[in-house]
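So the sequence lines, in the order shown, correspond to chains L and W.
One rule links them: number in my numbering = place in the first sequence (from 1) + 193.
One rule links them: number in my numbering = place in the second sequence (from 1) + 193.
Quick caveat, the hints were computed from the structure, so don't treat them as lab data.
Some hints could be false.
Pairs involving identical chains hold if they fit within one copy or between any two copies, as the list cannot separate such chains.
No more than 25 Å apart at the CA atoms, straight line, and that leaves these computed lysine to any residue pairs for SDA-like [said to hold, decoys possible]:
1. Lys454 with Ser316
2. Lys264 with Ala467
3. Lys454 with Gly405
4. Lys241 with His448
5. Lys241 with Ala491
6. Lys241 with Phe433
7. Lys468 with Glu488
8. Lys454 with Glu406
9. Lys241 with Lys358
10. Lys468 with Arg243
11. Lys264 with Gln492
12. Lys359 with Gly405
13. Lys443 with Glu410
14. Lys241 with Asp494
15. Lys443 with Tyr318
16. Lys241 with Pro346
17. Lys201 with Ala304
18. Lys264 with Ala252
19. Lys201 with Asp369
20. Lys468 with Arg493
21. Lys468 with Asn202
22. Lys358 with Ser374
23. Lys443 with Pro288
24. Lys443 with Leu489
25. Lys454 with Asp403
Number of protein chains: 2
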Amino acid sequence: MANYPEFKNVTTVACVGVGTIGGGWAAYFLSRGLRVQAWDPSPDAEDKLRALIDAAWPALTALGLSQGADKDNFTVHADLAEAVAGVGFVQESAPEVLELKQDLLARLAAATAEDVVIGSSTSGYGMTEMAITAADPSRLVVGHPFNPPYLIPLVEVVGGEATDKKATEWASGWYDYIGKSVITMEREIPGFIANRLQEALWREALHMVDNGEATVEQIDTAITEGPGLRWPLQGPMLTFHLAGGQGGMKHMLDHFGPSLKSPWTRLEAPELTAKLSQDVIDGCNEEAHGRSINELIAQRDAGIIAIRQAMAGLSAAAAVPAP
Amino acid sequence: MANYPEFKNVTTVACVGVGTIGGGWAAYFLSRGLRVQAWDPSPDAEDKLRALIDAAWPALTALGLSQGADKDNFTVHADLAEAVAGVGFVQESAPEVLELKQDLLARLAAATAEDVVIGSSTSGYGMTEMAITAADPSRLVVGHPFNPPYLIPLVEVVGGEATDKKATEWASGWYDYIGKSVITMEREIPGFIANRLQEALWREALHMVDNGEATVEQIDTAITEGPGLRWPLQGPMLTFHLAGGQGGMKHMLDHFGPSLKSPWTRLEAPELTAKLSQDVIDGCNEEAHGRSINELIAQRDAGIIAIRQAMAGLSAAAAVPAP
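Looking at chain L on its own, in the form it has when it is part of the complex (with noise of 0.2 Å):
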């Protein structure tokens, strides 16, 4: 097995293919002091990078750049070789088609050394399946970011099942070394975690509209103006852990778990076992690192009021006219 690189050793990475997720990627990888090459099949691919990093920076700066961080610090190659040629890592966010994706991960892990780890942004596929025609699939990982990728901090991080475990492992140090949040996931599963949450939501929207149960701006105002508040800074699980009070989990499960029989949505439950029970007590008590429920509670006020002063800023800021 390869020895893969030490995180500061790399200084130059390759982004390939540079619309919106990958030119996201780019941005960001700039915004932390690395030298970028990149490679897009479009003809105008390098006006086009150009515009999109120069969108991101004013956001990467306010959120603070790495030193050496340099907005034209890149390359773009017509050259698929060339573009991955002494670099570090690749991010691959070629549109999502199955053969286009199997086909340029195969020609990435053959232009790469054996200690080039190789990521996908791909939304919608397993490494599996999308590594079947690489002759060396041990490298080929799923990265998958969230749009825009200069800006969300996810990224979700899962291998196939040819995928050496130590890649998957440095993939995630990687991601987590240049300043993403990681999640690593044991088991490839369709829509992996944060959009199979978010895709729920979405279908039962839909639902509701094509039912003439809401309209789309109540939908959306439901959220924003509702647990889409909490969200940034205690999910689905902790803010359920308070909502039952001092018992916190334990108590909202015993006293709200028979609701999950109602027709709250058109998406069954599972069946509540006590194994379920335990697994989402004990692992709520695990998240909470020794924090109270009065201290969550505490802290969940307190986020929900910066939330609610910076959307007031923001509002007052787009109300002043442009000098």
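Fit chain W to the supplied structure of chain L, relying on the hints for placement.
Leaving out everything else, chain W in the frame of chain L:
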């Protein structure tokens, strides 16, 4: 039909039931400069209510108090008729037990004048079923808040079959007048809107834990570090409007519509008919209120930056040891 009062003439309101939700409502009403008369059967109701108000007051102060707001401007009554005497509005927040709600709402309707609207905080029942024992159900309306009611603006308003349409309208106007964000629903559906959406996500999350596909902490991280960062600013519909690039929701549905057939969640999507597509596209355009895709992207990015900065500020504050 009754002539409901002008909003500015409502200076005293009743809070019936002062648990977490009712107490949160009381704190919110006080922060708006209103006088509160509370009723609760528990012997230590006054102490409990005072503790809830004291806990909420710093947050309410941070968000801005109305003129004349006074956290001591409440009384607690052992007699229900006394608690609602002379009030201009009643918020009922009793436990979620149908018979108890039916009985209490009937008594409240009997004890109040014919121009006093009574809002119920129920999260699970429709007003049609809750109002069946009331002699005059015309002023009984659901006004469903989110926890904590003093911080989350959303209130979902929906009447029952016997509710006067003007009472529902009045309730929506009243909640809006005191600073809440109101959704007025045309139809009673289980879970209203926000809970249906939140519950779909939660049920998918439970399935994932049940199947060992994700841990509790991974589910929360997937939201807080991912789509959750967009949701205080733009709901799921506008979020996907932007996922379509310059073509907006139309492009999104044309290109990603087929992914609704993918097993990305256990909830099956509705058939994406031409009518449903058009309804969603039209809804997004209406909600955008003339803002171009680029303007919406700029607002989204500014929002995510503001939220991330606010979250970073909170973490930094939490890391500072208390003096």
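These are the hints, each one checked on the structure:
1. Taking the closest pair of Cα atoms, Lys454 and Ser316 come within 25 Å of each other only across two copies (15 Å); inside a single copy the shortest separation is 32 Å, beyond that limit.
2. Within a single copy, Lys264 and Ala467 get their C-alpha atoms no closer than 54 Å, and across copies no closer than 43 Å, so neither meets the 25 Å cut-off.
3. Both within a single protomer and between protomers do Lys454 and Gly405 lie at most 25 Å apart by alpha-carbon distance, with minima of 23 Å and 22 Å respectively.
4. Proximity of Lys241 and His448 under a CA criterion of 25 Å is satisfied inter-copy only: 21 Å between copies versus 55 Å inside one chain copy.
5. For the homomeric pair Lys241 and Ala491, the shortest alpha-carbon distance between copies (18 Å) is at most 25 Å, but the shortest distance inside one copy (45 Å) is not.
6. In the homo-oligomer, the alpha carbons of Lys241 and Phe433 lie at most 25 Å apart only across protomers (22 Å), although the nearest pairing inside one protomer, at 44 Å, exceeds that limit.
7. With identical chains, the CA atoms of Lys468 and Glu488 are never at most 25 Å apart, being 27 Å at best within one copy and 48 Å at best between copies.
8. With identical chains, the CA atoms of Lys454 and Glu406 are at most 25 Å apart both within one copy (20 Å) and between copies (22 Å).
9. For the homomeric pair Lys241 and Lys358, neither the shortest alpha-carbon distance inside one copy (36 Å) nor that between copies (54 Å) is at most 25 Å.
10. Neither within a single protomer nor between protomers do Lys468 and Arg243 lie at most 25 Å apart by alpha-carbon distance, with minima of 52 Å and 39 Å respectively.
11. In this assembly of identical chains, the alpha carbons of Lys264 and Gln492 lie at most 25 Å apart only when taken from different copies (22 Å versus 36 Å within one copy).
12. For the homomeric pair Lys359 and Gly405, the shortest alpha-carbon distance between copies (22 Å) is at most 25 Å, but the shortest distance inside one copy (50 Å) is not.
13. Taking identical chains as interchangeable, the C-alpha atoms of Lys443 and Glu410 lie at most 25 Å apart only when they sit on different chains, with a minimum of 16 Å there against 35 Å within one chain.
14. For the identical chains of this complex, Lys241 and Asp494 are inter-copy neighbours only, at 19 Å across copies versus 42 Å inside a copy, given an alpha-carbon limit of 25 Å.
15. Taking CA atoms no more than 25 Å apart as the test, Lys443 paired with Tyr318 passes between copies only; the shortest distance there is 24 Å, against 36 Å inside one copy.
16. Taking CA atoms no more than 25 Å apart as the test, Lys241 paired with Pro346 passes inside one copy only; the shortest distance there is 23 Å, against 41 Å between copies.
17. Only within a single protomer do Lys201 and Ala304 lie at most 25 Å apart by alpha-carbon distance; the minimum there is 22 Å, versus 73 Å between protomers.
18. Proximity of Lys264 and Ala252 under a CA criterion of 25 Å is satisfied intra-copy only: 12 Å inside one chain copy versus 41 Å between copies.
19. Proximity of Lys201 and Asp369 under a CA criterion of 25 Å is satisfied intra-copy only: 12 Å inside one chain copy versus 54 Å between copies.
20. For the homomeric pair Lys468 and Arg493, neither the shortest alpha-carbon distance inside one copy (28 Å) nor that between copies (40 Å) is at most 25 Å.
21. Taking CA atoms no more than 25 Å apart as the test, Lys468 paired with Asn202 passes in neither setting, with 45 Å inside one copy and 55 Å between copies.
22. In this homomeric assembly, Lys358 and Ser374 come within 25 Å of each other (Cα to Cα) only inside a single copy, at 19 Å, whereas the closest approach across copies is 49 Å.
23. Taking the closest pair of Cα atoms, Lys443 and Pro288 come within 25 Å of each other only across two copies (18 Å); inside a single copy the shortest separation is 44 Å, beyond that limit.
24. Taking the shortest alpha-carbon separations for Lys443 and Leu489, only the intra-copy value of 16 Å comes in at or below 25 Å, while the best inter-copy value is 41 Å.
25. Taking CA atoms no more than 25 Å apart as the test, Lys454 paired with Asp403 passes in both settings, with 23 Å inside one copy and 16 Å between copies.
Violated hints, listed in ascending order, are 2, 7, 9, 10, 20 and 21; each of the other numbered hints is respected by the structure.
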